[in-house]
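These are the residues of each chain, in order.
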Amino acid sequence: MSVGAPGLLAQEERYEHDFEAGVARSPWQLFWRRLREDKVVLVALGIIVALVLVAIFAPLVVKLFGAPGPNMQDRNAVDAFGTPLGPSSGHLFGVDPLGRDVFARTVYGARVSLLVGIVGTGVAMLLGVAVGLLAGYYRGWVDTLLSRFVDVVLSFPVLLLGIGIASACSLGNGCVAGAITPGVRTVILVVALVSWTSIARIVRGQVLSLREREFVVAARSLGASNLRIVIREILPNLTASIIVYSSLLLPQTILLEAALSFLGVGISPPTASWGWMIADAADNFDTQWWYMVFPGAALLLTVLAFNLLGDGLRDALDPRAER
Amino acid sequence: MPRPVKRALPLALLCTAVAIALGACGSSGGNSGTGATADNGAGGHRGGTLTILTSQDVSSLDPGSAYASLDLNVLAATQRTLYTYKPTDPTNIAPDLAAGPPQISPDGKTLTVKIRSGVRFGPPVNREVTSRDVAYAIERGFNPHVANPYASTYYGDVVGADRATGGPIAGIQTPDDHTIVFKLTRPTASLVAQATVLPLSAPVPPEYAKPLDAKAPSTYGNHVVATGPYMLTADRSGTVLGTGYVPGRSLSFVRNPNWSATSDDRPAYVDAVQVRIGGSPTVSGRQVLAGRGLVLADSPTPELVKQAYLHNRSQIFFSPGGGSNYAALNTAIPPFDNANLRKAVAAELDRQQMRTVRGGAVVGDIASHFLYPGVIGFEQAGGQQGTGADFLANPAGDRALAARYMKAAGYPSGRYTGGQTLQIVGLAGAPDSNDAQIFEQALQDLGFKTNLKLVDSSVLYARFCGLPKARVNACPNVGWIRDFADPQTVLDVAFNGNDISPENNPNWPQLKDAAIDNAMSRAELTVGTQERANAWGAIDRQITATAAAIPWLWDRQPNIFSADVRCVPELWNQGHCDFAYSSLK
Amino acid sequence: MAAYVLRRVLWGIVLLALVSLLTFVIFYVLPSADPAQLRAGRDASPATLHEIRVSLGLDRPLPAQYWTYVTHLVFHADLGYSYFSGASVGSLLIDRLPATISLTLGAVVVWLLVAVPLGVISAVRRGTWVDKLTTGGALLGVSAPVYWLGLVALYLFADDIGKWPLLPGAGSYVPFTNNPGKWFASLILPWFVLASTFAAVYARLLRGNMIEVLSEDYVRTARAKGLSERRVVWRHGLRAAVTPLVTLAGLDIGLLLGGAVLTETVFDIPGIGRLNYDAIIHADYNVIQGTVLLAACFVIVANIVVDVGYAYLDPRVREA
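Chains as they are written, first to last, in my numbering: chain A, 1 to 323; chain B, 324 to 908; chain C, 909 to 1228.
Note that these hints are calculated values from the structure, not bench results.
Examples of chain A residues lying across from chain C (beta carbon under 7 Å, computed):
no.	residue
1	Val152
2	Ile163
3	Leu299
Pairwise CB distance ranges, derived in the manner of DEER restraints:
no.	chain 1	residue 1	chain 2	residue 2	range
4	A	Ala297	C	Asp1068	20 to 28 Å
5	C	Val978	A	Phe149	18 to 26 Å
6	B	Asn717	C	His980	56 to 64 Å
7	C	Val978	A	Gly46	53 to 61 Å
Subject to a maximum C-alpha distance of 35 Å in a straight line, what follows is the list of computed DSBU-like cross-link-like pairs (lysine-lysine):
no.	chain 1	residue 1	chain 2	residue 2
8	A	Lys63	B	Lys772
9	B	Lys629	C	Lys1071
10	B	Lys506	B	Lys538
It should be emphasised that the depicted structure is a prediction, and the values quoted were computed from it without experimental measurement. Where is the CB? At the ideal position from N, CA and C, for every residue including glycine.
Full structure from sequences and hints, please.
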């Protein structure tokens, strides 16, 4: 994944006044208006909401379409040589080599992707914002230390780091003395650890400039404590950025989880995960195309929707020269 | 390290009615009734290059440390051991370096072997092989720089072997250049004679190898010298690393100029052999089926097996007796310290489906005990019918019986209600990962909560299943292959309570049953093929009854090769095509 | 200037040391295969294992082992030995590097050749169907997982199994020195697949930059002076807009030289990424350490080159 994806290079914000109406609107009002007018974003949002609902109500959705459960191994859907059957009336998307319904597993796979994506992004944002705030606000040796640490992490080939940690933490009692148990928690941790650094850098840059603004200087001269300044003055001004970068980071974390699963170090089977299904299908995709196509398409759709949403949010917040 | 790949079986001994029905007793000893016939390679022409495709590299080229089935396949063409198995007769040892049958003293404690003359080392050593070379080869197995995996198991009874660290061993004597004598502490001479089929007894020239063995680890493998019809291409100093062997890439074999056809039964038709390493079995398999002069060393995927079986029947050979696959249950810790729970799991497991995901009925028989077809003692343990254990009676599983065993174990609802989450460790990659998931599903159907981890085979044994302190509850993808035809090699190390060790433990279920251990101690010393068959067959029944491990497949290892290849499969080594016997049409 | 370069290089060396230490710590925690067990096999007694360990120096405390590793690396350029492959780590890296370099450089050429024209055109023809198509395509490129794209590409075009057999499929890579024709053909699909994501990102980036640049004052001046639109766009606009792309490309090259694991896996290309991944799966510690160091090296060097380039162009940066 390119260093420049998904457009997470440091950007400044500009707030414009809506001169047409002759009224000075707040940035938030402008933001909502632009968002509402962007058709593409609304469609993307609709898809995402649908995906989240499908993920939450997976058992219902599966039942609605008359498919068996995701872990049900249907002996009759596999022939005498172990070759699975393709899409049929009993199995909309065909079955995998163990006779499990691909439609059901694709639906349940949404749970994993969305859960890891959302929570992983949340944790990454938390880490990144915290570090960026500290480094940007306190500057000096704190900044130097933290920035150097970020440098070290960024020099590390991150996917390999992710593979290593995922591999290490997915056995027995997990790692960090059992706090990170094997399974979803490990993957969330790995995904967050790999993604937080770019956020930290951006936030640091913004905090560096924010802290020199008049309202911060004023607050300080009034004797407000550092904590108060950070929470009441700086953080609110970061909110917009945080929203935008979260939504830009989300599709990346979803792809990262799928990549880890594809390489066999993500969510362990038999839990359905799109990346793992694609990997499992890779050997025989020329004869068992359904097993690769459907999870892949689901993954593509999800990531695309989030990317569109992220783009739309960024454009709504920062419409330089009408993208 | 235990070989997760399979090996083949001895057929000649076991041609009972049942075996004939299996089609396991063709005149050339290899017709399993499906696929091609094992032949002696005649009909092809002299010359040409045979190309082997494999996804995995060889582990070692040093006959003192090689153990995996591909290593053995390679060494069979380049090294001559005292005795060997002919490709089509995996039961009776035949003299290779030896001039005649082994001479065993009446008390069974002395083994004398005469070595034939006229066998010479390949370049750069070039001289004639003497008994001192064989002695050194075995002695160096005890050197930690060489670290032979089976030296202490099979040569441990030699006088002085318990103190050996690579230096001369008192019990190995060479009264003259062509005689080697083994003096043993116990009457196990016939077992030692059979053990010489393993590569350790291939001669190694001490003056050439000692400086290499002084390094840690020994680098003899990079400079290995041949005695067989083929050798790895090497430079003038004998270094094969970089020319004949490019790690992770290729191996190249040419004819050994010092090999004399008159001293050897091997026909050695082909002029050269190339081994190409890397590439997925799926892609390589397709190339083999469609190409020329190619052989696949890996296990073909179920898809490929189906395709070959249906459309290229003459290009696939199912090698009988590939080994036994079983699921080991950890008997040392809860919950599988409870025998009824183990039996419940055994009854619940659908072993037929375990086989289906590997390719279906063509790839093997559903196993019901641990000695597999063709190993001595198989019939005595119950043969194809099984031992009579009720929890293994139905290959597709018996849910009602499983529920009854659960109740007997203290779970009246028929499902597990304890709080423990079971740790299961299986092999990554299809179809092994599929088998692990089927096994896990069976456990979940019984109410267990499980955590499945799929890892690479070296990690599986070194860090999980072979390490008692890892506290793994079940290992569904383990298996065992005989080292040679004797049943002791299948049962002893794998189930003997005295063999449990804190690391590198081969007794994965950690079975420690005094009655079984005593029976094994007695059976080790039993002399006579029929007597050993009875003794070990009975032990197999006892082990099966404990349900410490659930046997699920006796492999018929599929091997595929191009249409123009006359493959002579090594029935003693999972059907790998033997270079020195195969030919091209 | 020289002082700046020196400072960056020194910091780069420190970074490498820290990365190696971090690798040592992390991968020690991994469930690694014990080299002694790998060599000794299933029947070795604990006594034998212990002897092997002593002879290999594995029984000494960890810091001592790490120190030995570092001194070997620095003074003897010895990266250790891979017990799994039976070869020195250095030789494995040298063996695998050409494939990764081939893959990376080819992909860079492809994505730049695709991204630059598309980015410029969609910026100039902003709002038209060309723009929408490009943007849509770019979004797809960014959203599709590279391994899935690779599998689909193979499914469609691989000469052994594809619907329209055009190009060599997975596993057909041969080194350039063996057969240049086959080398080239076998890399076409991987290049395009790997380039797809990057092309998408770069096209979008260039489009955004171009739009900004084209609205700048000096561009309006150039237009007013009567220069042709083409000259304005390509000579003045592109030159300014492309600079961030060049630096980004430098960083991405550094990243990719560390190995593109996913692409190498799907197409079975024996590169550094695959080597690293296999080493992690087989728990071959020395190889892991070697490949991670190599990858970090490339990233750090790329960063230094980019930073020095900036410093050369903008003296203010040197003070930072």
